[in-house]
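Top to bottom, those sequences are chains A and B. Each residue of the first sequence is one higher than the last, beginning at 42 in our numbering. Each residue of the second sequence is one higher than the last, beginning at 42 in our numbering.
Don't read these hints as lab results, they were simulated from the structure. Note that the structure is a prediction, hence the values are computed from the model and not measured. It is possible that some hints are incorrect.
A pair counts as met if it fits within one copy or between any two copies, since identical chains are not told apart.
In silico SDA-like pairs for lysine to any residue, Cα to Cα no more than 25 Å straight-line [what the hints assert, rightly or not]:
| id | residue 1 | residue 2 |
| --- | --- | --- |
| 1 | Lys98 | Asn609 |
| 2 | Lys204 | Asp83 |
| 3 | Lys273 | Lys540 |
| 4 | Lys565 | Glu259 |
| 5 | Lys215 | Gly357 |
| 6 | Lys654 | Asp395 |
| 7 | Lys199 | Asp146 |
| 8 | Lys637 | Lys654 |
| 9 | Lys432 | Val243 |
| 10 | Lys204 | Tyr625 |
| 11 | Lys215 | Arg67 |
| 12 | Lys139 | Glu270 |
| 13 | Lys53 | Phe621 |
Number of protein chains: 2
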Amino acid sequence: MKLLKQNVIPLKNVKIDDGFWNRYQRLVKEEILPYQYLAINDQVPDVEPSHAIKNFKIAAGLEEGEYYGYVFQDTDVYKWIEAVAYTLVHNRDEELEKKADEIIDLIEKAQQKDGYLVTYFIIKEPDKRFTNLLDCHELYSLGHMIEGAVAYYEATGKDKFLKVACRFADLVDKVIGPEEGKLHGYCGHPEIELALVKLYRVTKNEKYLNLCKYMIDERGKEPHFFDIELEKRNHISHWGGRQDKVDKYYNQSHKPVREQDVAVGHAVRAGYLYTGMADLACETGDVTLLEAAKRLWDNVTTKQMYITGGIGSMAGGEAFSFDYHLPNDTVYAETCAAISLAFFAQRMLKMENDSKYADVLERTLYNGIISGMQLDGKHFFYVNPLEVWEKQNLHYATYHHRHVRTKRPGWFGCACCPPNLARLIASLGEYIYTQSEDTIYVNLYIGNNMKTNILGKDVEIKFSTNYPWGGESAIEVSKGDYKLALRIPEWCENYNILKNGKKADYKLQNGYAVLDGGFCDGDKIEISFDMPVTLVEANPQVREDAGKYAITRGPIVYCLESADNGENLWAIRVDENTKFTHYYDENFLGGCVVIKGEAVRVKEWTENKLYRKAKREEEPFTLTAIPYAFWSNREDTREMKVFITGR
Amino acid sequence: MKLLKQNVIPLKNVKIDDGFWNRYQRLVKEEILPYQYLAINDQVPDVEPSHAIKNFKIAAGLEEGEYYGYVFQDTDVYKWIEAVAYTLVHNRDEELEKKADEIIDLIEKAQQKDGYLVTYFIIKEPDKRFTNLLDCHELYSLGHMIEGAVAYYEATGKDKFLKVACRFADLVDKVIGPEEGKLHGYCGHPEIELALVKLYRVTKNEKYLNLCKYMIDERGKEPHFFDIELEKRNHISHWGGRQDKVDKYYNQSHKPVREQDVAVGHAVRAGYLYTGMADLACETGDVTLLEAAKRLWDNVTTKQMYITGGIGSMAGGEAFSFDYHLPNDTVYAETCAAISLAFFAQRMLKMENDSKYADVLERTLYNGIISGMQLDGKHFFYVNPLEVWEKQNLHYATYHHRHVRTKRPGWFGCACCPPNLARLIASLGEYIYTQSEDTIYVNLYIGNNMKTNILGKDVEIKFSTNYPWGGESAIEVSKGDYKLALRIPEWCENYNILKNGKKADYKLQNGYAVLDGGFCDGDKIEISFDMPVTLVEANPQVREDAGKYAITRGPIVYCLESADNGENLWAIRVDENTKFTHYYDENFLGGCVVIKGEAVRVKEWTENKLYRKAKREEEPFTLTAIPYAFWSNREDTREMKVFITGR
């Protein structure tokens, strides 16, 4: 197996200017970041306080008080800084930067002499540091600290936070490792792995890469670290009470990572772990690790992924369940899990020029990720169902739907998803391109201006598109012999590529149309994808979707909502002969393409009964489908449905 | 509203001799009763002891020891006696009767001087009698005692047990009632109501009818008895710990019974309560109560009943959920709840000559009730799912399917369903006929010999049938001017009635073909129902069944099992054009009609992916459907499905 080692073109070189994403990036800057700043500072009225900044102040000895919040509460602050950093790259903002600097000063003050910095343990259980890697998220916290510190350093050039992160990482390196007396351990919640690779890249210090490698190699080995740790803790769990054993599937330590081929357990943990594995493989050239990552990728995306790009089908453990088990109503599909899949995809693109990774990236980005956020940028879903019957969700006896909400709440006690969305959207520029020695790969169709150096020359690309509502993109390139590889989306059956208005020459390679060099300044490449409304069926092994169809157009998965179609969406039926039309409505849901379909509806019965001899009484019905990601943006959320009854 | 007051023709006058039911009645006598006798005597190896008889011995002072079992453990003994009694009616068996007599002697010895008899309180909490009617089942226990005692008296003429029951009922009458100083209460688990009507009928003592009426009238009134009781108990629950409030929906005391129109809460409780309401209405002529019973009947059977006649869709609370919410996989549909629906139907038939009651009785009897029992008579389901994917049920993360088993276990700790099945099957003769002043109504098509007195004359009927596998019945009648009303099943579109080989004259009334008197001895009525294989659709409001079909033939609901059709039953599709054939196979599952269908199967994909543009690739597939009630009688129970994907 060949392993490429390509770069993503970094954020500072890619400035997004896009009809679809500008709004989201503006929401991050104007809504999410200010709101989150207030939240971590306990300044949001009528909301349970976060206490995150307060914990740092107490740990720094600047205030008195008790610790409050989750054991990983610090990470809310780190993720805020990370999102701020990405935002600052193209939008320097002195006031925002000043706020971040002040918080970083505070963080530094809270750091202990030996480098330790998790406020929970500093304040509450100083003698319990590193005694419960299984549940206490210390390394997870360090991971987010590193990600924030690296991003802030890259955005501003300021290294104070980076040094804080290095000091804590150095301490962890002294505590964890193969040597006798060290813990032969790793974190119950993967995250540190991918962060250490980032730290290595920016510091060039191999110690961090080796620490990452140690944690990944050690995971799942026997004798099992979490068993040993549990024994040492006398089987006392973090929450008090006796813990008999460790659920190793839950945290993906059920076997060594290179032996894993089926995604199991908590989906966010899994996504972060696989991303870290891919990062490490890319840096070290370790093909065995790449192979494991590829197997896990294939399992996730060909056996356990919703059509929206959501992953983790079960509320129990917020977890993967098993192949082809994708319930639409009791689903979990956490926003953060979809985000972790985007991370994973981006890392795989660096090692393999295969459009399948970008196809999944696009799928989850336009559907299962942004469905996590209301169009106002102020309300967020953890759980992203593909089917909702509000009556069922609200009924007292139907307890297995209770985790599924029909309306996005304002913020959460465990506020992982909103800041995760913020940092992904703010760094979206890094997901558009990958670059090999001689080729620029366009993975996502998002309007942007990009600069890079390829084959020794500075190159600039101006990319404009009406994606995802239309399939037309225009790319103005600058002079050079580099190749330009344009991803042909999996969903696209017909497309057309022009160079300066004439049919372009290209070769198809692994899902990309590769245009072969020789560009002049101002050359204009146009690519247009036919974007018809398309009915999609699920693999027949997905029992939940048997006999049903999803409506899609381009990368967008559509849904029916009761707000447009009235009650009982289940009675609406479509098939391959259903005629669909679509139009862009700039005044609807912030502007989107709406789909109409000449479907049928099963007639309401006149009989007051439950069962009768089948007689297929249908009547014409014009259905209205809206982008799935935009559901629950109106008052009426009684019903929503992605997979529609077939006929 | 007119209220009839008809009789069922009692068990002693109806001797079943039927190709289908003889086997079940034999299983009751030869398997269930002997097994249950061993069980209550703790003589089954490798099974948790029942301790039921032992509790009586301890309460009687004959043995030392601690109480063990549920608070209602006594009822296992009562239900055994009741089933024994029904069995003895047509099968006197000295040995069996001797065992019952010995147990009755023991029960009498355990009775306290004041008549009290619940062994839990006698042994364990003598000072807590009648302090927790909400949860402690004391009146429920008395109810089953009465049912057993009445049945045993009617079967054998022996009144010792009946006297025991009267003494306990007399005590309860002293404790509960409208007078000051008495409890203005009723039982958290209805059952006593229907039992007191039985006791009234056999003793003619109106006290028992009045007590029943008091309990039914009082239920759900404010100030609420269970609130007052909880207050008196200082909010201490039976299981220790504080109980804040009472779930009044759970036990149908959320409002006065005459104001109830939607079935809620624990389905068995509901079924027993509605049966008791109907019993009381029938005895007292209380039309307001009949109206409430009719509303609840309509709600249950037209909004909340599975096609199998199962009721109670939710595991949480073993309860009704809401109209048209009938999930096939997370279903509860407890065997006992279906049995309670049969009770309810039988009582309604006494007040209204409407075939709809018998239609539901037949539906639940041939499907959702007997599905509770394996063909060996030794294994039993509590929960009767309409769809099973074993992988999902067994997977650790899919906790909301855990209550659904794919194989019937041997017996239960809480052994309500097997003895309930036993007493229903043993008393099935009482469900066949109702009789008005001048008409004999045939409600069920079960072979039997019946004697009754009508219009002052003794009459005899010999009824033979090949039901449910065929639709042909022959009825030999004896001389008289009575009318004979033959139910035309709801499922039947074409039928033919002959009298002595010639087309008979009849009038259709409320779903019955009424033959108008003037019978001579030996007259032969033949009725034959066309019994084609029929695809059934559910009301479109039942979202779970949208786009799906059930296969039925006559009263029998069919299912697909993986044992016959291989894995992934979801990929099998039928529609109104599917050709079905059927045949009787005497060597298959104890003899039954098997259905074959020229259906299609969605082709397995060659692509290793989850979603693709819909292209409906199907291949011919001959499906095999078996009677739903007979599912899980073979090794392979990986999948089962009643509602099949449509096309």
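For Lys139 and Glu270, with the copy left unspecified, which applies at a CA distance of at most 25 Å: within, between, both, or neither?
Cα proximity of Lys139 and Glu270: none, with 42 Å in one copy and 63 Å across.
Reference check for the pair Lys215 and Arg67, CA-CA at most 25 Å: within, between, both, or neither?
neither (42 Å within a copy, 76 Å between copies)
Given identical chains, is Lys215 near Gly357, meaning Cα to Cα at most 25 Å, within a copy, between copies, both, or neither?
neither (36 Å within a copy, 51 Å between copies)
Check Lys53 against Phe621 for me: Cα-Cα at most 25 Å, and say if that holds within a copy, between copies, both or neither.
Neither: 41 Å inside a copy, 67 Å across copies.
When no copy is specified for Lys637 and Lys654, does a C-alpha distance of 25 Å or less occur within a copy, between copies, both, or neither?
between (31 Å within a copy, 18 Å between copies)
Intra- versus inter-subunit Cα pairing at 25 Å for Lys654 with Asp395:
Classified as between: cross-chain Cα gap 21 Å, same-chain 51 Å, threshold 25 Å.
With 25 Å as the alpha-carbon cut-off, assign the pair Lys98 and Asn609 to within, between, both or neither.
Classified as neither: same-chain Cα gap 53 Å, cross-chain 58 Å, threshold 25 Å.
Go through the copies and call it for Lys273 and Lys540: within, between, both or neither, with a Cα cutoff of 25 Å.
neither (67 Å within a copy, 87 Å between copies)
When Cα atoms must be at most 25 Å apart, do Lys565 and Glu259 count as within-copy, between-copy, both, or neither?
neither (51 Å within a copy, 85 Å between copies)
With 25 Å as the alpha-carbon cut-off, assign the pair Lys432 and Val243 to within, between, both or neither.
neither (52 Å within a copy, 46 Å between copies)
Can you give me the call for Lys204 and Tyr625, within, between, both or neither, at a CA distance of at most 25 Å?
neither (50 Å within a copy, 81 Å between copies)
With identical chains, the pair Lys199 and Asp146 could be close in the same copy or across copies; at 25 Å between alpha carbons, which is it: within, between, both, or neither?
within (12 Å within a copy, 92 Å between copies)
Hints 1, 2, 3, 4, 5, 9, 10, 11, 12 and 13, counting from the list given before, are not met by this structure.
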